[in-house]
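Since the structure of chain P is provided, determine the placement of chains F and G on it from the hints.
Residue numbers (our numbering), protein chains in the order written: chain P, 148 to 519; chain F, 415 to 874; chain G, 66 to 150.
One thing to keep in mind: the hints can contain errors.
Quick look at which bits of chain F chain P covers, simulated, 3 or more residues with Cβ under 8 Å [what the hints assert, rightly or not]: (1) 826–840; (2) 857–863.
Restraint ranges, calculated between C-beta atoms of paired labels, are given here [as the list claims (entries may be wrong)]: (3) D812/F to A71/G: 49 to 57 Å; (4) R257/P to G712/F: 35 to 43 Å; (5) A267/P to S96/G: 43 to 51 Å; (6) G473/F to G108/G: 50 to 58 Å; (7) R795/F to D512/P: 54 to 62 Å; (8) P438/P to G809/F: 37 to 45 Å; (9) S609/F to S96/G: 16 to 24 Å; (10) E540/F to E220/P: 38 to 46 Å; (11) G539/F to S96/G: 20 to 28 Å; (12) R679/F to R83/G: 35 to 43 Å; (13) V81/G to I757/F: 53 to 61 Å; (14) I757/F to R349/P: 52 to 60 Å.
No lab work stands behind these hints: they were computed from the structure.
Just so we're clear, the structure is a prediction, and the values are computed from it rather than from any experiment.
Virtual Cβ for every residue (Gly too), placed ideally from N, Cα, C.
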Amino acid sequence: MARPDAIVVGGGIIGAACAYELGRAGMKVLVLDAACVGGGTTAAGMGHVVVMDDSEAQFALSAYSTRLWHELEAELPRAAEVDRCGTLWVAEDDEQLEALHAKHAYYTSRGVEAEVVDGAEVARLEPNLRAPLAGGLRVPGDRVVYPPFVARWLVDRARDLGATVREGCAAERLEDRAVVVAGGDRLEADVVINAAGAAAARLIPDLPIVPRKGHLAITARYPGFCRHQLVELGYLKSAHTMTSESVAFNVQPRATGQLLIGSSRELVGWDASLNRSILRRMLQRAIDFMPALARLTVIRTWVGFRPATPDKLPLIGRWPALEGVWVAAGHEGLGITTSLGTARLLADQILGREPAIDPAPFWPDRVFAAHE
Amino acid sequence: MDEGRRTVMTAPVAAAPSTADACAGATPSAAGRVLRAEIAVVGAGPAGIAAASRAAEAGRDVVVLDASPRPGGQIWRHRRREELPAQARAWLERFDRSGARLIAGAQVVDAWRAAEFRLLAEVDGERLEVAADRVILATGARELFLPFPGWTLPNVFGVGGAQALVKSGASFAGKRVVVAGSGPLLLAVGATLASRGARVVVVAEQAGRGALARFGVALLGSPGRILQAARLRSQLGGARYAVGCWVTRADGDGVVREVTLTDGRRSWTEPCDVLCTGYGLVPNTELAEMLGCVVDGGRVRVDEWQRTSVAGVYCAGEPTGIAGVDAALAEGEIAGLHAAGKIVPAGDVRRLFAIRRREHRVARAMERAFAPRAELRDLPRDDTILCRCEDVTRGMVDPAWSFRQAKLYTRIGMGPCQARVCGPACEFLFGWRGQTTRAPTVPAAVGTIAGGPEDTAGVA
Amino acid sequence: MDATSAEIEIEVDGRVVRAPADATVAAVLLSLGVGAFRRSVRGEARLPLCGMGTCQECRVTIDGVAHRRACLTPVRAGMRVSTDG
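The shape of chain P in the complex, shown without the other chains (with noise of 0.2 Å):
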């Protein structure tokens, strides 16, 4: 192939988005993947697209792409299984209920549509939940999406703009304006973008990316058993908080009918293997909120590694210390979400068009900013 206007590292969602987003600009892409289009942690995830609030800038982030999702459905097929079911937050107390008000304020005020619901409305919205619960907050624009297949999809249409994918290829370095992959060879483009996720920092030492582990189990078909993203307030300290390890119920369902239930947290490293104990704890949470879950039936755990920064903000931009070299990674949980964003933000710099969104909160140099 000829020398590439772009080279993206990672064939996950983020990725997906930077090859298309960048195609649709002209560019020719490479686009290169360790191992298949959309089977790293973008497999693994929940597929949910959420509006979240930690921070202005994550809010502006994941609320700017959740609109760019909106614009993108019409065209996604059905086997990109998008649901626009909306997320249903839930407070079990009136502290948590207080919190919930708080939100709906902060969302409103920044043209995210969201309704508080008392206690008889969550449990008319959603019957198997326990009742009585304080109160809800629903959010009707976030979505469900099936990411494996809209990264197979990106990509495809990467590839109707030129661009070219290579599956089992792995980078090992980058260096000025180039990738060295795995046997040698060494791939030169005058951009080349870390979309590398979970595994960013293999490729920059320097960046603050740390997997953070979490655990899912999906059950058998059971449609109509709930009918939105179900979260609970404590999710968001689970999130953003960055202790060893925690739970937070959060339960999905998905096209098919399954549940997916979520989520847990825990910082070990690479470490894949199943931690019973905490499958347990986030099971048992799901049950204390969803008590009719017990008599589901789960047909598979497994395991998914988040990208994770210390500010629970992703790195988009310019990298400095490489020519060439951008980054977009760091997402936590919120790849799916901000995977439209990301790319947009990411496109925008390197073609010295307007951004949207304010891009400073990204900016990858902040790793080197001095101590105040």
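Only chains F and G this time, still in chain P's reference frame:
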């Protein structure tokens, strides 16, 4: 890289792996039971029964977990003991007297090592955890099913499947039955069905005359089997035993009405009410994999004492290599004796080792003789279902993919049978291998896996 | 089904039927000529295949609990079975 710049945003530090796993369940919980035993046997087929009997007779505290309502596994499945051959009855009586505790209806879904070995089972929808010093896996085998157009029609059963259903109370009396596939099981099941009133029209063995003749020579080393085969042939009633023939499709609306057979040159149709199809056996190695045992070419690797690569874990019977009931019994006895720590009389050792050796030699010859032929790979059409759980058809998959890619892109193998049916089929069709086995090894209730809060006592 | 064993009563898709006390749910459903134990993803009728709890095709709802393997479940007096047939 610019050496002058140092990062101030440091990565979060990984914590030490949780040690809660080692402690969890150490104390019996009220919510779920923890049963203690010296030796836990998984599977109450011939191998499990022999192992448990020997170990319990040697004075060990033995618990046997089996998913079926009654012991006997597949080959000794029964509703009343009188139905069984003398050898089976004798072993079941010995098992009853041995002192081993049988928990029937217990589906083991997970196995791991903590301070001792832990098995997680679901019994009547409830969680049961067993803690044991040693484990003997006697998890048997399942049938190899190869897809062809119409194989998912109602009244298409497995060969072993039909036998299992009939022994559980189903009846094919008066039905026109075609038995087709590969292996000695075809004759055995054809005879069983005929003896119970089915009109077995034809037993079609895909292996050709040449292959079978070579096997016949090998059989000379096992006279009992020749007699058995001859007897079975005579019990088929009016059925033809057609060699070098196989089913290419089954047709019918809502239920099978006829099958098409071929011998490679000509094809013909056979009207029928029931089709029994199966192409041999596949070892059940999932629990061995969960415990970290080396599994080689689909078989659990064991030494002469049936020890796996994991200290304290034994494996006996079909999972170590398909070799039939006599091998399973011998291997079960060897495993039970060794796990019990009993000094085995040299005469016993010689006898058991000799049986095992002989049966495995015959089994290897059988494997060669009855290996599914290449033409069977061409049977699926684009709209032929490969994955019955998820209705994934041949046309939806690209053989150039890995199994993992196929799963992600089509959902093949992601259903409740956990690729037990489509996995071996796709390995035959496309050479796909490499499945990761994860808990639960059989679907289990959320509550079974979760247990109660007491089960995770000690976790922060 | 043979008449030699003791019989009990179970309910299948709302009908009360007699069944041998030592039979499995699958055997009883087959003897009743149930057209489908379950429907596949595409809506096809499915009956048991493997008879030994491996293939998961024999799943029916028993006493309100879905996805139970009929071939491994012995009948019990008063059991309520519902199929997709």
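So, going through the hints one by one against the coordinates:
With 4 residues having a Cβ less than 8 Å from any Cβ of chain P, the segment 826–840 of chain F passes the three-residue criterion, so the hint holds. Under the rule that three or more residues need a Cβ within less than 8 Å of chain P, the assignment of the segment 857–863 of chain F holds, with 6 such residues. Separated by about 55 Å at the C-beta atoms, D812/F and A71/G satisfy the suggested range of 49 to 57 Å. For the hinted restraint 35 to 43 Å between R257/P and G712/F, the CB-CB distance of approximately 57 Å leaves it violated.
At about 48 Å, the CB distance of A267/P to S96/G agrees with the hint of 43 to 51 Å. Remark: the range hint 50 to 58 Å for G473/F to G108/G is upheld by a beta-carbon distance near 57 Å. Taking 54 to 62 Å as the suggested C-beta distance range, the pair R795/F and D512/P conforms, at roughly 58 Å. Between P438/P and G809/F the CB atoms are about 42 Å apart, so this pair conforms to the stated range of 37 to 45 Å.
Between S609/F and S96/G the beta carbons are some 18 Å apart, a value that agrees with the proposed interval 16 to 24 Å. At about 44 Å, the CB distance of E540/F to E220/P agrees with the hint of 38 to 46 Å. As the Cβ distance of G539/F to S96/G is approximately 26 Å, the hint placing it in 20 to 28 Å holds. In this structure, R679/F and R83/G break the distance hint of 35 to 43 Å, their C-beta atoms being roughly 50 Å apart.
Look at V81/G against I757/F: about 59 Å separates their beta carbons, and that is inside 53 to 61 Å. A C-beta distance of roughly 54 Å is found between I757/F and R349/P, which places it inside the suggested range of 52 to 60 Å.
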